[in-house]
Every structure is written in C-alpha cells, then in structure tokens.
Amino acid sequence: MENNSPVSGERLMVKGAVILSAGAAATKILSAVYRIPFQNIVGDIGFYIYQQVYPFYGIAVAMASAGFPVIVSKLYAERPSENVLFRAFLALFPLCFSLFLFLFFGADWIAKKMGDGNLAPLIAAVAFPFLFVPFISLFRGYFQGMGNMVPTAVSQVAEQTVRVGGILAAAALFANGKNLYAVGEGAAVASAAGSLVCFLFLLFCFSRRKKGRKNRPEPAASGDGVRPGTVLLHGLAATVCGMVPVIFQLIDNFQILPSLLAKGTDFDAARAMKGVFDRGQPLVQIGIILSVSVSSALVPIMAKMRSRGREEEADKLARLAVQFSIAAGAAASVGLIMIMEPLNIMLFTNSAGTLPLRILALTVVFLAANMAVTAVFQGMGNPLLPFYGVLAGIVAKIVFNAAFIRAFGIPGAALASNLALAAMSAFFFAALKKRIKEDLFPKDFVFVLFRSLAAMAALVGALNALCGWLLPDSPVRLFSAFQSLFASFFGAFVFCFVLARGKIFTKSEWLLVPFGEKLLRFLPKTDRRDSC
1 MENNSPVSGE RLMVKGAVIL SAGAAATKIL SAVYRIPFQN IVGDIGFYIY QQVYPFYGIA
61 VAMASAGFPV IVSKLYAERP SENVLFRAFL ALFPLCFSLF LFLFFGADWI AKKMGDGNLA
121 PLIAAVAFPF LFVPFISLFR GYFQGMGNMV PTAVSQVAEQ TVRVGGILAA AALFANGKNL
181 YAVGEGAAVA SAAGSLVCFL FLLFCFSRRK KGRKNRPEPA ASGDGVRPGT VLLHGLAATV
241 CGMVPVIFQL IDNFQILPSL LAKGTDFDAA RAMKGVFDRG QPLVQIGIIL SVSVSSALVP
301 IMAKMRSRGR EEEADKLARL AVQFSIAAGA AASVGLIMIM EPLNIMLFTN SAGTLPLRIL
361 ALTVVFLAAN MAVTAVFQGM GNPLLPFYGV LAGIVAKIVF NAAFIRAFGI PGAALASNLA
421 LAAMSAFFFA ALKKRIKEDL FPKDFVFVLF RSLAAMAALV GALNALCGWL LPDSPVRLFS
481 AFQSLFASFF GAFVFCFVLA RGKIFTKSEW LLVPFGEKLL RFLPKTDRRD SC
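With the numbering used here, letter number 358 in the sequence shown gets 358, and the count goes up by one each step, no holes.
Heads up, a few of these hints could be off.
Claimed, not checked - Derived pair list, reagent style EDC-like, types lysine to aspartate or glutamate, alpha-carbon separation capped at 20 Å:
(1) K433 x E312
(2) K434 x E311
(3) K112 x E312
(4) K503 x E517
(5) K178 x D268
(6) K434 x E312
(7) K304 x D444
(8) K507 x D444
(9) K263 x E311
(10) K437 x D315
(11) K437 x E312
(12) K433 x E311
(13) K437 x E509
(14) K503 x D439
(15) K304 x E78
(16) K113 x E311
(17) K112 x E313
(18) K443 x D315
(19) K316 x D108
(20) K503 x D444
(21) K210 x E82
(22) K433 x E517
(23) K113 x D268
(24) K113 x D266
(25) K433 x E313
(26) K304 x D315
Calculated from the structure, these hints are not laboratory results. Model, not experiment: these values are computed from the prediction.
Let the sequences and hints guide you as you build the complete structure.
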C-alpha cells in the first residue's frame, strides 16, 4: 500500500534533494580534478587549446542541468501532462538548434575572433552537445517533476565519466606525437560523446518508465498555461546565473590572446601565458564547490518556510546562507592566495603565473556570495532580479578587461573579474537588503570573520616561512605537496576554531550546514548545550 502522508512526502523530497546534490557535487569535482592530469600531459599550450573551447560545452551543460530542467520540473509537477513537455520543447529546440548552427558554421569566424584560427575544428566539434540539450532537459525535468532524482544524478555522473575518460585518452595521444590541436579536437569530441551517453541513458529510463505505465491513463492536465516564451526566459535566467565563472572565462577567451598579440607578444608565448592563467579555473571551481555547499542546504528550507508564511524564519535562513557562504568563500580565497605558489608547483609542476592566479583566487569569495544570494532570490520565486545583476556584471567584465589587459597584461584579466564580481555583489546585497528584515553584515560578524582570516593567514604565512627556511626555492613537487596540504589543514583548523569561538552563530545554526556538528566541538562547553 502506498504511503502518501505529508511526512513521507517531505522525506522523499529531502532524499531527492540529497541525491541530486550528491550527483551535482560529484560531477563538479570530477570536472575540476581531471584538468590537472590533462595539463600535466599536454602542457600549458595544450591546456590553453582545450580551455578556449571548454566554455561552449560548459554552457550546454548548464542549460541541461542548472537551467531548463528545474523550470520543466516545476511545470510538470503542477501539470503532469506530456503537453507540458511538448510546449517546453517548443521553447528549447529552436534556441539549441540555433546555437548549434552558429557554432558549427561560424567556427572559423569565432576562432579568428579568439585570435587563433586553428581552434575552428574544435569549436565545430563542441557544437554537437547543444543538439542533445532539449532532450536531456526534458527528460531530467520529467523525472524531477515526479520527485525521482536518481536518473538525473546518474546521468550527470555518467556523462562526466565518459567525457573525462575520452579527454584523458585524447591527451594520451599527445604522448604518441599527435598535434596539440588534434588532441583538443579529440577532447571536444569526447564532450559530445558524453552528451550522447547521457541522452541515451535518460531515453532508456524514460522508455522504461512509459512501458511500466502503459496501462495507466495519462493525466488529463492541459499544457495551455505553459508559454514557451516564459520557459525560455526563466530557463535562460537560471542558466546564466549558474554559470558566471564559465561566462567570464569565455569573455577572457575572446579578449586575452588578441590583446597580448596586439601588444607584440609572440604567438606561442601568448598561448602559453593564457594556458598558465587557465590553471586557475579548476582551483576556483573547487573553492566554489566547497563554499556553496555550505549554504546549499539552507535554501530549500528557506523556500519551504516562506511558502508556509513564516517570513521571519525564512529571512533568518537567508541571512545565514549568505553569511556562511561568505565565510567559507573568504577562507577559500585567502587560503588559496597564501598557498598558491606551492600549490601551483604541486599540481602543475612549476610556479609560473602565481601572481595572476593569486588575484584570481579572490574571485571565490565574490562568486560564493553571489551564488548564495542568487539561490535566495530563486527561493523567493524571483529568478529574474539576479539575472539582471549578472548581465550588468558581464558588461562590467568586458569593459574592465579591455582596459586592464592592455595596461597590466594577464593580471589585468584577473583584476577585471574581481571588480566586475564586486559590482555584482554590491547590486545583489542592496537588492536583498530591501527584501529581508535581517542585517546581513552586523559588526560582530565582520569583526569575527576578519579575525578568523587574519589568524589563518598568520599561521599559513609562518608555515610557508618555515618551509622556505628548511628548503629554500625548492621546485620539488613532493615537498610542495607536503607544504600545501599541511598548511591547508592547519589553516582551515585555525579558521574554523576562531570563527566558532567568536559566537556569531548559535549551536542550532551550526547544525544547519554540512559538517556543522563537527565544528560544535570548537564551541565553549556552555554554548554546546545552547540550542537557541
């Protein structure tokens, strides 16, 4: 007998959210980590070649995961009918097919705008995933709308596994003397293969589901209330807000190399410099994953509170989501800045580009804050406001890039990202302040956060100095790995200890975030018993 009780429904929803979050986290970690061995195999120029076309694939992934499936799932949950899926398809397919045509037939033009005509075959190859986006989005939205998150989670992991395996196999070709652009084209084809596997898996799940329900009539719900234009607008808003790092990387891909070449930089040297700067992408991505995961558990609870009319509690959770994200993002940024040189050697064999990578590391705190505020607004049912803020940030990035790359070279691109993200944060915080009654940045929070960051920076700085004294100017990767991991562990420990001792979060608030119960041991004994 089916259990349709509200408690059972809530448990199912929580379980589904956990499954979906786990699949997304595994996918993002895999997407970040594989780039390190790839760079080690193909070098900085080979890494540059791949990173120049990666954002196009990243856009397709965002559309088929963070964007349109969420919108489709909401519509299907409200009106469980295939008419809803058909109307959503009418919105999605023309857009995705147009993007495919633009990338495939405009590959030569795009490559020339990037300053490297050799990229054209790679851009054409990476156009194919867009053909699968409408189908993947609809299948995922269908299953999520029924509360079944397993197909989405499994398809995400399967797609990335096939893609990463294909990319590393393509990199292995380099060891056999293949041209670097051929390796990059192989990596682009691997991305398309991953999308194909994802589509086939979801098609199998959908067919199996329909076969199992063939004797059950389709609900007589109508899709009349579903407007393709609304699906398109809200889906694009969710997609754009969830892929700011990818968009900023795409902007850099169109501006950095042409600017360096215009300054008279040798073509090979310019490609290598861009490849070194691209080392920062996986580092920033890992920092964002760790930072955003802290607040991701709070946003669904906040949306639930607001739907029940408990506005005061929802506002409190919104504040906590932003504060925890900023704290985690700030710790990640400062930590990366402090250990960037040994980390660079550990992961990428040398310390090239440490200065611009340190500047780029600061973007983690802004990205973490912006993503938290975006999620809060989406939980409020207002996805368009952050969309406008992101568009303004994109324009700012383009303008700042044009000025700063010409003046400062590669570090200028990192500086431009920080300024654009800071402007975006200011917009988001001003908008959020008008909509919630909670003080986002009380003095005690700011003071304790800075004290925690200072304590962490002092300890890591001392450890760096000690390592430099023991083995000055060591390029040895093993020693750099020891230094990076040792400093990371003790730096994180000190940061968490000082933050917890600052009493800016109560016991019950710590328990709301992942691993919060582990940090309770840092609280004074009297506060550990406090459940307020």
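Hints versus structure:
no. : hint        : in the structure
1   : K433 x E312 : holds, 14 Å
2   : K434 x E311 : holds, 14 Å
3   : K112 x E312 : violated, 54 Å
4   : K503 x E517 : holds, 15 Å
5   : K178 x D268 : holds, 18 Å
6   : K434 x E312 : holds, 14 Å
7   : K304 x D444 : violated, 29 Å
8   : K507 x D444 : holds, 17 Å
9   : K263 x E311 : violated, 55 Å
10  : K437 x D315 : holds, 7 Å
11  : K437 x E312 : holds, 8 Å
12  : K433 x E311 : holds, 14 Å
13  : K437 x E509 : holds, 18 Å
14  : K503 x D439 : holds, 16 Å
15  : K304 x E78  : holds, 17 Å
16  : K113 x E311 : violated, 49 Å
17  : K112 x E313 : violated, 53 Å
18  : K443 x D315 : holds, 18 Å
19  : K316 x D108 : violated, 51 Å
20  : K503 x D444 : holds, 9 Å
21  : K210 x E82  : holds, 11 Å
22  : K433 x E517 : violated, 29 Å
23  : K113 x D268 : holds, 17 Å
24  : K113 x D266 : holds, 17 Å
25  : K433 x E313 : holds, 16 Å
26  : K304 x D315 : holds, 12 Å
Taken one by one, the earlier hints fail for this structure at numbers 3, 7, 9, 16, 17, 19, 22, listed in ascending order.
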